[in-house]
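**Q** Spelled out, the chains give:
2 protein chains.
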Amino acid sequence: MTRTAFLLVAVAALAGLVAFTAPSSGHAADEAAPIFGIKIPPGYRDWKLISVAHEAGNLNDLRAILGNDLAIKAYRDGKLPFPDGTIIARLAWGYVPSGENNKVFGRAQSFVAGTATNVQFMVKDSRKYAATGGWGFAQFKDGKPADEALLKTCFACHEPVKARDLVFTQYAP
Amino acid sequence: MTRTAFLLVAVAALAGLVAFTAPSSGHAADEAAPIFGIKIPPGYRDWKLISVAHEAGNLNDLRAILGNDLAIKAYRDGKLPFPDGTIIARLAWGYVPSGENNKVFGRAQSFVAGTATNVQFMVKDSRKYAATGGWGFAQFKDGKPADEALLKTCFACHEPVKARDLVFTQYAP
Chain Z
0 MTRTAFLLVA VAALAGLVAF TAPSSGHAAD EAAPIFGIKI PPGYRDWKLI SVAHEAGNLN
60 DLRAILGNDL AIKAYRDGKL PFPDGTIIAR LAWGYVPSGE NNKVFGRAQS FVAGTATNVQ
120 FMVKDSRKYA ATGGWGFAQF KDGKPADEAL LKTCFACHEP VKARDLVFTQ YAP
Chain C
0 MTRTAFLLVA VAALAGLVAF TAPSSGHAAD EAAPIFGIKI PPGYRDWKLI SVAHEAGNLN
60 DLRAILGNDL AIKAYRDGKL PFPDGTIIAR LAWGYVPSGE NNKVFGRAQS FVAGTATNVQ
120 FMVKDSRKYA ATGGWGFAQF KDGKPADEAL LKTCFACHEP VKARDLVFTQ YAP
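Those protein sequence lines, which keep their order, are chains Z and C.
If you're matching positions, the first sequence starts at 0 in numbering that gives the first Met the number 0 and goes up one per residue.
If you're matching positions, the second sequence starts at 0 in numbering that gives the first Met the number 0 and goes up one per residue.
It is worth saying that the hints were derived from the structure and are not from the lab.
There's no promise every hint is true.
Chain copies aren't distinguished; within one or between two, either way the pair holds.
Here are the computed lysine-lysine pairs in the DSS-like style, where the Cα-Cα straight-line distance is at most 30 Å [unchecked claim]:
id, residue 1, residue 2
1, LYS127, LYS78
2, LYS102, LYS151
3, LYS140, LYS38
4, LYS140, LYS102
5, LYS140, LYS47
6, LYS161, LYS102
7, LYS78, LYS102
8, LYS151, LYS140
9, LYS72, LYS127
10, LYS47, LYS143
11, LYS127, LYS151
12, LYS102, LYS72
13, LYS72, LYS38
14, LYS72, LYS47
15, LYS47, LYS78
16, LYS127, LYS140
17, LYS161, LYS72
18, LYS140, LYS72
19, LYS38, LYS127
20, LYS161, LYS38
Bound conformation, chain Z alone:
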């Protein structure tokens, strides 16, 4: 093995180790999503819960919507629009029947979170994202950002909830 090859293997091994030991606080990916230039916010997996949801159909997921402190405060105060700096994170996992739980309940009724599908972010910056209602949009799957074509659809879909500052999710008490 040449010295260069050895170094490459060592770097790859190290990268794998880092990826393996740091999954608890979200992906450490540095790649920014197109159009809005959003990176995965560090520590978003630790944010407080806004609400939960289930999308059936093709999405077939269970989701949790988390918010940074600015988001949570705005929700709890019932104040709109959300202030600049607000970030809302939507995590989603496969919708998986739980045989273990069903056995205990004595019937097939229980669905739990499976593998993570993707994570989306809405970032409020009323100046930077003025053209899209003050929000930037991003989606990542395994740390890789979604492409431009997908992100171009976000704003139009959120417009029906303009009265709630383009945010669908309501706070679950």
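Fit chain C to the supplied structure of chain Z, relying on the hints for placement.
**A** Showing chain C alone in chain Z's frame:
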């Protein structure tokens, strides 16, 4: 109005005000659940997310499982048994179809959290709760604890997951 009646009205108004302004950090109820003597842990609504689930059937809810810092650390470290002081909270809300979301998706597929149904807690204290695997169990609805008969069923139902220290929910990455 007599002075006593006035005072009663004033106290009732004040109580209403307090109840109205403090919903964000969970119920402020002081009543302990039977058997295990567990009160609602202050600030549990701010805890980090462990996972989400959907129970169909009679429960018909969407749920979020949150944990205090000891719970989250144990999950992320993959360490069992959970240490004394661990508290796991299970929040649940009605499973409500979202007409608003369905309109945007163009099909009936979206279910969101409705009214809160009840909240459950598992509290680890290996000495105090030695007779039930080291866990105390509690359930509250609108701040009122569930009765003894219900809480007596908790431990037996959790026994099938003894290998995971009696905890059903697994961490959603």
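**Q** Each of the hints needs a verdict: does it hold here or not?
**A** A quick look at each hint next to the structure:
Proximity of LYS127 and LYS78 under a CA criterion of 30 Å is satisfied intra-copy only: 21 Å inside one chain copy versus 44 Å between copies. When the C-alpha separation of LYS102 and LYS151 is checked against a cutoff of 30 Å, the pair qualifies only between copies, where the shortest distance is 19 Å, while the shortest distance within a copy is 44 Å. Proximity of LYS140 to LYS38 under the C-alpha cut-off of 30 Å is restricted to the intra-copy arrangement: shortest distance 12 Å within a copy versus 40 Å between copies. Taking the closest pair of Cα atoms, LYS140 and LYS102 come within 30 Å of each other only across two copies (26 Å); inside a single copy the shortest separation is 33 Å, beyond that limit.
For a Cα distance limit of 30 Å, the shortest separation of LYS140 from LYS47 qualifies both inside one copy, at 21 Å, and across copies, at 22 Å. In this assembly of identical chains, the alpha carbons of LYS161 and LYS102 lie at most 30 Å apart only when taken from different copies (15 Å versus 44 Å within one copy). In this assembly of identical chains, LYS78 and LYS102 lie within 30 Å of each other by CA distance solely across copies; the values are 25 Å between and 44 Å within a copy. When the C-alpha separation of LYS151 and LYS140 is checked against a cutoff of 30 Å, the pair qualifies only within one copy, where the shortest distance is 17 Å, while the shortest distance between copies is 43 Å.
Taking the shortest Cα distances, LYS72 and LYS127 sit within 30 Å of each other inside one copy (22 Å), while across copies they are farther apart (37 Å). For the identical chains of this complex, LYS47 and LYS143 are neighbours both inside a copy (24 Å) and across copies (24 Å), given an alpha-carbon limit of 30 Å. In the homo-oligomer, the alpha carbons of LYS127 and LYS151 lie at most 30 Å apart inside one protomer (16 Å), although the nearest pairing across protomers, at 56 Å, exceeds that limit. In this assembly of identical chains, LYS102 and LYS72 lie within 30 Å of each other by CA distance solely across copies; the values are 29 Å between and 40 Å within a copy.
Taking the closest pair of Cα atoms, LYS72 and LYS38 come within 30 Å of each other both inside a single copy (23 Å) and across two copies (26 Å). Taking the shortest Cα distances, LYS72 and LYS47 sit within 30 Å of each other both inside one copy (10 Å) and across copies (16 Å). In this homomeric assembly, LYS47 and LYS78 come within 30 Å of each other (Cα to Cα) both inside a single copy, at 18 Å, and across copies, at 23 Å. In this assembly of identical chains, LYS127 and LYS140 lie within 30 Å of each other by CA distance solely inside one copy; the values are 24 Å within and 44 Å between copies.
Taking identical chains as interchangeable, the C-alpha atoms of LYS161 and LYS72 lie at most 30 Å apart only when both belong to the same chain, with a minimum of 20 Å there against 39 Å between chains. Taking CA atoms no more than 30 Å apart as the test, LYS140 paired with LYS72 passes in both settings, with 28 Å inside one copy and 25 Å between copies. Within a single copy, LYS38 and LYS127 get their C-alpha atoms as close as 15 Å, which meets the 30 Å cut-off; across copies the closest is 46 Å, which misses it. For a Cα distance limit of 30 Å, the shortest separation of LYS161 from LYS38 inside one copy, 25 Å, qualifies, whereas the shortest one across copies, 41 Å, does not.
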